[in-house]
Amino acid sequence: MRQSLENSGKVSVVDKVKGYIKLARPKQWIKNLFVFAALIFAKHIFELDYVTKVLLAFFCFCMISACVYIINDVIDAEKDKLHPKKKLRPVASGRISKTEALVFLSGLLPVSVIGAFMLDISFAVVLLLYFANNILYSIKVKHMVILDVMSIALGFLLRVIGGALVIKVYISPWILLCTLLLSLFLGFSKRRNELVILENGANSHRKILEEYSLEFIDNMLSIVTACTVMAYSLYTFMSSNTYYMMLTIPFVLYGIFRYQYIIYRKKEGGSPEETVLSDMPLMINIILWALASIIILYIE
3 MRQSLENSGK VSVVDKVKGY IKLARPKQWI KNLFVFAALI FAKHIFELDY VTKVLLAFFC
63 FCMISACVYI INDVIDAEKD KLHPKKKLRP VASGRISKTE ALVFLSGLLP VSVIGAFMLD
123 ISFAVVLLLY FANNILYSIK VKHMVILDVM SIALGFLLRV IGGALVIKVY ISPWILLCTL
183 LLSLFLGFSK RRNELVILEN GANSHRKILE EYSLEFIDNM LSIVTACTVM AYSLYTFMSS
243 NTYYMMLTIP FVLYGIFRYQ YIIYRKKEGG SPEETVLSDM PLMINIILWA LASIIILYIE
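In terms of our numbering, the sequence shown is residues 3 to 302.
None of these hints come from the bench; they were simulated from the model.
For each residue, glycine too, the CB sits at the ideal point set by N, CA and C.
A couple of the hints might just be wrong.
[As the list claims (entries may be wrong)] Estimated spans, in silico, between C-beta atoms of each pair: (1) Lys-170 - Met-232: 26 to 32 Å; (2) Leu-249 - Gly-96: 48 to 54 Å; (3) Ile-23 - Ile-289: 23 to 29 Å; (4) Met-285 - Leu-249: 41 to 47 Å.
[Unchecked claim] Simulated pairs of lysine-lysine, DSS-like, Cα-Cα distance not exceeding 25 Å: (5) Lys-192 - Lys-170; (6) Lys-81 - Lys-170; (7) Lys-170 - Lys-88; (8) Lys-18 - Lys-55; (9) Lys-33 - Lys-55; (10) Lys-24 - Lys-89.
Make a model of the complete structure from these sequences and hints.
Encoded structure:
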């Protein structure tokens with residue numbers, strides 16, 4: 003009996019650790035890969051010093067992102083209990099208490115900020131702007147129609163800018179524009195999924211959903227989709243030293259079309275990182291796009 007109690011204690015500790023890991027949402031760290039955009043397009047991907055700095059920047063963004071997720075989970079715990087998926091989050095489910103979550107935050111936040119300042123001051127400023135943007139989003143902006151999605155898009159832009167600043171390279175405005183449009187596409191897709199999944203209970207979970215309708219979001223998605231394709235196509239025409247970058251346009255088209263298929267037919271897309279990781283055709287397409295871009299940029 004004593005042995006079973008000990009085993010029970012071990013399971014409890016393991017479950018607690020899993021709760022802390024889940025609280026940091028490592029699956030969503032895939033969004034931080036946008037930090038590598040400047041490294042790839044500035045053609046420094048095979049230079050160890052540059053790669054090391056961007057990797058460290060990536061880890062800083064992962065840690066600060068975890069801090070943001072912890073704060074969100076604490077603030078939205080009661081509302082998350084009403085969501086079919088979010089009710090399983092550590093704080094909402096009760097696996098991790100709000101106090102434990104805040105203690106975890108108090109240790110993680112200083113490490114991420116100090117690490118960023120040790121890496122580069124300008125990068126650290128961008129990281130703090132990213133954190134401030136997310137705090138404002140959690141407190142106020144997520145209740146403001148359209149601006150809530152634009153705030154999400156700003157987070158992606160800051161990742162790209164941070165990746166450029168940490169290695170002191172120029173990044174094309176076309177890349178920033180494509181990042182903005184793509185992130186708006188993902189943001190509106192997320193709102194659409196919430197409306198579909200929650201149906202009549204959408205307003206009780208997220209009040210801002212009162213301001214959205216499927217028709218309105220579909221119109222926004224149509225506009226953003228067209229703009230994304232045009233912006234990326236213009237980038238390949240005008241912003242590269244080689245016209246071979248135009249060969250990557252089909253990958254972008256397929257990726258957007260596939261994501262829309264997932265949104266409209268599979269009724270998913272509420273979590274972009276989970277969508278990418280769970281859909282093999284989409285993941286393969288992204289990998290092929292990245293490989294094709296690297297080959298074209300570096301072998302010209």
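We went through each hint and held it up to the structure:
no.: 1; hint: Lys-170 - Met-232: 26 to 32 Å; result: 31 Å, holds
no.: 2; hint: Leu-249 - Gly-96: 48 to 54 Å; result: 52 Å, holds
no.: 3; hint: Ile-23 - Ile-289: 23 to 29 Å; result: 26 Å, holds
no.: 4; hint: Met-285 - Leu-249: 41 to 47 Å; result: 20 Å, violated
no.: 5; hint: Lys-192 - Lys-170; result: 33 Å, violated
no.: 6; hint: Lys-81 - Lys-170; result: 42 Å, violated
no.: 7; hint: Lys-170 - Lys-88; result: 39 Å, violated
no.: 8; hint: Lys-18 - Lys-55; result: 33 Å, violated
no.: 9; hint: Lys-33 - Lys-55; result: 18 Å, holds
no.: 10; hint: Lys-24 - Lys-89; result: 13 Å, holds
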